[in-house]
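Sequence order for the protein chains is A and B.
Under the numbering used here, residue 410 is the last one in the first sequence; the count climbs by one each step, no gaps.
Under the numbering used here, residue 410 is the last one in the second sequence; the count climbs by one each step, no gaps.
Honestly, the hints are just simulated from the structure, not real lab data.
By construction, the Cβ of each residue, glycine as well, lies at the ideal position given by its N, Cα and C atoms.
One thing to keep in mind: the hints can contain errors.
Simulated restraints, written as ranges between beta carbons of each label pair [to be verified]:
(1) A:F344 - B:K28: 35 to 43 Å
(2) B:D264 - A:F370: 37 to 45 Å
(3) B:D302 - A:T25: 36 to 44 Å
(4) B:E322 - A:Y98: 29 to 37 Å
Simulated coverage check for chain A against chain B, where a stretch passes if three residues somewhere in it have a Cβ under 8 Å from a Cβ of chain B [said to hold, decoys possible]:
(5) 99-112
(6) 177-186
(7) 265-273
(8) 352-366
(9) 370-384
There are 2 protein chains.
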Amino acid sequence: MTYIEELCAAACGAAQKLAYSDAETKNKMLESIASAIEKNADEILRANKIDVENCPADKAAFLDRLTLDEKRIAAMAEGVRAVARIDDPVGKITAEWYTGKGLKITKVRAPIGVAAVIYEARPNVTADAAALCLKSGNACVLRGGKEAINTNKIIYGIMKNALAGNNFEDGALQFIDKTDRSYAAELLKMSDYVDVVIPRGGEALKRFVLDNAKIPVIASAGGICHVYVEKTADLKMASDIIFNAKTSRPSVCNAAETLLVDADIAEKFLPSCLARLSGAGVEIRGDEATVKLFPKAVRAVDYDTEYEALILAVKVVKDCAEAIEHINRHNTKHSDAVVTNSDFVKEIFAKSVDAAAVYINASTRFTDGFEFGFGAEMAISTQKLHARGPIGLEALTSEKYVIYGEGHIR
Amino acid sequence: MTYIEELCAAACGAAQKLAYSDAETKNKMLESIASAIEKNADEILRANKIDVENCPADKAAFLDRLTLDEKRIAAMAEGVRAVARIDDPVGKITAEWYTGKGLKITKVRAPIGVAAVIYEARPNVTADAAALCLKSGNACVLRGGKEAINTNKIIYGIMKNALAGNNFEDGALQFIDKTDRSYAAELLKMSDYVDVVIPRGGEALKRFVLDNAKIPVIASAGGICHVYVEKTADLKMASDIIFNAKTSRPSVCNAAETLLVDADIAEKFLPSCLARLSGAGVEIRGDEATVKLFPKAVRAVDYDTEYEALILAVKVVKDCAEAIEHINRHNTKHSDAVVTNSDFVKEIFAKSVDAAAVYINASTRFTDGFEFGFGAEMAISTQKLHARGPIGLEALTSEKYVIYGEGHIR
Numbered sequence: 001m002t003y004i005e006e007l008c009a010a011a012c013g014a015a016q017k018l019a020y021s022d023a024e025t026k027n028k029m030l031e032s033i034a035s036a037i038e039k040n041a042d043e044i045l046r047a048n049k050i051d052v053e054n055c056p057a058d059k060a061a062f063l064d065r066l067t068l069d070e071k072r073i074a075a076m077a078e079g080v081r082a083v084a085r086i087d088d089p090v091g092k093i094t095a096e097w098y099t100g101k102g103l104k105i106t107k108v109r110a111p112i113g114v115a116a117v118i119y120e121a122r123p124n125v126t127a128d129a130a131a132l133c134l135k136s137g138n139a140c141v142l143r144g145g146k147e148a149i150n151t152n153k154i155i156y157g158i159m160k161n162a163l164a165g166n167n168f169e170d171g172a173l174q175f176i177d178k179t180d181r182s183y184a185a186e187l188l189k190m191s192d193y194v195d196v197v198i199p200r201g202g203e204a205l206k207r208f209v210l211d212n213a214k215i216p217v218i219a220s221a222g223g224i225c226h227v228y229v230e231k232t233a234d235l236k237m238a239s240d241i242i243f244n245a246k247t248s249r250p251s252v253c254n255a256a257e258t259l260l261v262d263a264d265i266a267e268k269f270l271p272s273c274l275a276r277l278s279g280a281g282v283e284i285r286g287d288e289a290t291v292k293l294f295p296k297a298v299r300a301v302d303y304d305t306e307y308e309a310l311i312l313a314v315k316v317v318k319d320c321a322e323a324i325e326h327i328n329r330h331n332t333k334h335s336d337a338v339v340t341n342s343d344f345v346k347e348i349f350a351k352s353v354d355a356a357a358v359y360i361n362a363s364t365r366f367t368d369g370f371e372f373g374f375g376a377e378m379a380i381s382t383q384k385l386h387a388r389g390p391i392g393l394e395a396l397t398s399e400k401y402v403i404y405g406e407g408h409i410r
Numbered sequence: 001m002t003y004i005e006e007l008c009a010a011a012c013g014a015a016q017k018l019a020y021s022d023a024e025t026k027n028k029m030l031e032s033i034a035s036a037i038e039k040n041a042d043e044i045l046r047a048n049k050i051d052v053e054n055c056p057a058d059k060a061a062f063l064d065r066l067t068l069d070e071k072r073i074a075a076m077a078e079g080v081r082a083v084a085r086i087d088d089p090v091g092k093i094t095a096e097w098y099t100g101k102g103l104k105i106t107k108v109r110a111p112i113g114v115a116a117v118i119y120e121a122r123p124n125v126t127a128d129a130a131a132l133c134l135k136s137g138n139a140c141v142l143r144g145g146k147e148a149i150n151t152n153k154i155i156y157g158i159m160k161n162a163l164a165g166n167n168f169e170d171g172a173l174q175f176i177d178k179t180d181r182s183y184a185a186e187l188l189k190m191s192d193y194v195d196v197v198i199p200r201g202g203e204a205l206k207r208f209v210l211d212n213a214k215i216p217v218i219a220s221a222g223g224i225c226h227v228y229v230e231k232t233a234d235l236k237m238a239s240d241i242i243f244n245a246k247t248s249r250p251s252v253c254n255a256a257e258t259l260l261v262d263a264d265i266a267e268k269f270l271p272s273c274l275a276r277l278s279g280a281g282v283e284i285r286g287d288e289a290t291v292k293l294f295p296k297a298v299r300a301v302d303y304d305t306e307y308e309a310l311i312l313a314v315k316v317v318k319d320c321a322e323a324i325e326h327i328n329r330h331n332t333k334h335s336d337a338v339v340t341n342s343d344f345v346k347e348i349f350a351k352s353v354d355a356a357a358v359y360i361n362a363s364t365r366f367t368d369g370f371e372f373g374f375g376a377e378m379a380i381s382t383q384k385l386h387a388r389g390p391i392g393l394e395a396l397t398s399e400k401y402v403i404y405g406e407g408h409i410r
């Protein structure tokens with residue numbers, strides 16, 4: 001067995017035991033991890049100092065996300081406890097019926113088994129991902145980025161020792177302490193042991209995982225999110241929503257990149273709305289109609305770029321049908337919003353826009369595990385199978401059928 | 001655009017229109033297809049005759065499945081109508097809550113989009129798959145096996161004309177009329193247009209799809225299904241269940257391949273149970289303990305083969321824990337049964353056995369879309385993500401979030 005095979009096989013064995021652990025046991029596992037992280041904060045800080053010193057100058061953008069202090073370590077432990085407080089989805093019956101022959105069929109939430117989590121930069125993901133996997137009854141194989149390798153290794157060791165020291169199933173946590181990509185590539189082939197792989201990072205990581213995985217993937221794309229202002233909209237509300245969606249945190253995936261406006265109201269709406277955005281430092285890029293109404297707008301426009309910056313693409317559309325067509329052509333199936341007072345438009349937009357989250361009269365910025373009330377999230381799925389949107393504990397389970405008979409034969 | 005790109009792009013465009021078709025419209029689409037199949041039975045029979053004549057001698061096993069007659073064509077039309085009668089899952093709200101900030105979050109069933117179905121042999125799948133996809137609001141790209149190409153082409157043409165002739169969205173049905181594998185391989189890369197690929201056929205087809213797909217797959221493995229007779233079992237019931245699971249239709253995936261028996265009751269149970277199976281023509285292959293109790297059993301035993309024949313592997317186990325460990329090592333995550341009167345064993349078996357369907361005191365043979373009450377099935381999923389077990393209409397949908405605010409910003 002190779003190093004990777006050994007880790008994965010160990011996780012697989014532990015997963016079978018975790019599958020019948022009750023919520024109380026799993027919560028105790030998490031509490032032991034949280035306490036151990038707190039107790040060993042100094043050790044984590046020492047390891048983190050090495051990673052920070054090693055951080056190359058061209059990765060300065062990562063530096064803030066990489067650097068830990070006592071407050072961040074306390075927040076990491078608190079994050080693990082927050083997961084412990086979330087309801088355990090395992091064992092929940094999601095459907096139940098009797099067949100014509102009297103068989104009782106129940107559909108029950110069960111752990112997926114072994115989850116591989118491949119992540120970048122922020123070392124708190126080591127604790128987050130472990131907590132989410134354990135609480136949902138899954139063993140995990142963690143593989144963090146090389147920038148945080150020393151910090152990740154120490155956090156992992158502390159968690160593992162906490163489980164082992166309290167006689168919990170410590171095989172449920174595995175960590176790949178080699179950062180060469182070939183190990184990650186090998187991990188992606190371990191379909192005999194690993195049931196799902198979740199990449200958590202940038203577009204390049206996602207591509208690498210999708211191109212190499214022989215295991216089902218739960219992937220997220222970046223967010224090219226739209227706000228469409230329909231002609232019946234409350235224009236004050238519309239202005240507030242696009243302002244919030246674009247400016248409140250432009251670097252995140254649920255920020256808006258494109259504003260679509262019905263031609264009927266463009267003249268009334270765009271000049272003041274765009275002036276407000278422009279006043280907040282937003283660069284406006286628009287089509288011909290937009291530039292006519294707001295001459296400060298740049299004519300060059302690209303509807304397929306996730307700017308992650310104070311740049312907004314604007315387009316005037318004929319009607320709702322054109323808006324929906326535009327959105328379905330250019331969105332990344334993440335989050336799109338309409339501002340409208342028409343019930344017909346609400347319905348057609350909700351049904352037709354192909355996205356994980358469709359907003360009616362609200363900002364796209366709400367697509368987030370905490371905002372949804374999931375307590376925490378592993379990532380935000382933009383694929384359509386298994387789970388869309390914020391990946392909380394439920395998305396980390398599968399549903400199996402448990403069927404009760406009294407000697408039924410067919 | 002290549003031939004395959006054109007088909008897939010057309011399906012993608014049609015999918016967006018189908019997404020907001022109501023159940024009544026979709027049912028009318030299916031009725032138009034069913035009538036057209038009936039009306040054009042002669043044409044289908046003529047095409048089928050060519051396929052039957054072309055069927056090579058070494059594919060004689062397929063011949064029965066390939067050959068159509070008037071009765072089978074009537075059944076095909078009736079199958080389409082049966083799908084029309086199933087409840088439309090699209091638009092169903094599966095969860096609904098308010099967040100702390102008063103946003104109303106609803107989780108709503110929506111079509112997946114475009115499904116590619118790659119299938120073998122039986123031409124009725126052309127109509128079945130089309131009906132299931134349309135009713136669940138999905139456009140589909142069908143790719144049948146070369147043995148049935150003439151029949152498939154005609155059935156497809158009839159369905160397509162029926163939709164077009166009644167002014168329905170005929171782009172929702174696409175068919176690849178070229179049987180060279182390179183076209184199927186290209187289809188598996190169409191991630192810009194196709195949302196899911198479902199292979200329906202043997203192990204080789206599944207392997208080909210999993211190895212080449214850049215699109216999420218819903219796959220099924222064969223079934224190595226187990227019946228475990230625990231020491232508290234009603235032995236008459238146990239004998240009936242294994243007899244049914246092994247002999248009622250040995251060639252199908254939900255038939256049992258392996259019998260596990262607790263050592264405590266082996267002496268009492270095995271001789272008569274195995275004599276009954278042997279009397280029905282079943283070849284018994286067992287471990288040492290089995291051969292001791294039933295000398296007619298062959299000593300050579302292999303727990304990793306799906307026999308699809310009247311052959312049964314038997315093993316005497318120490319206890320429930322050993323049985324579960326054996327099952328999780330050798331099963332294909334399809335269907336496994338326990339016969340027991342112990343509530344503890346029922347619970348531990350249901351929680352620990354990793355399979356799409358876990359049976360308590362019932363035969364594994366019930367894993368089937370019709371038996372489950374789904375009306376029809378696309379295949380039986382043995383993967384753990386998205387959908388396990390019989391793939392009915394619900395498994396052909398995804399769930400998206402539709403979020404209602406009143407100007408909510410974050």
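Unsatisfied constraints (hint numbers, rising) | 1, 2, 6, 7
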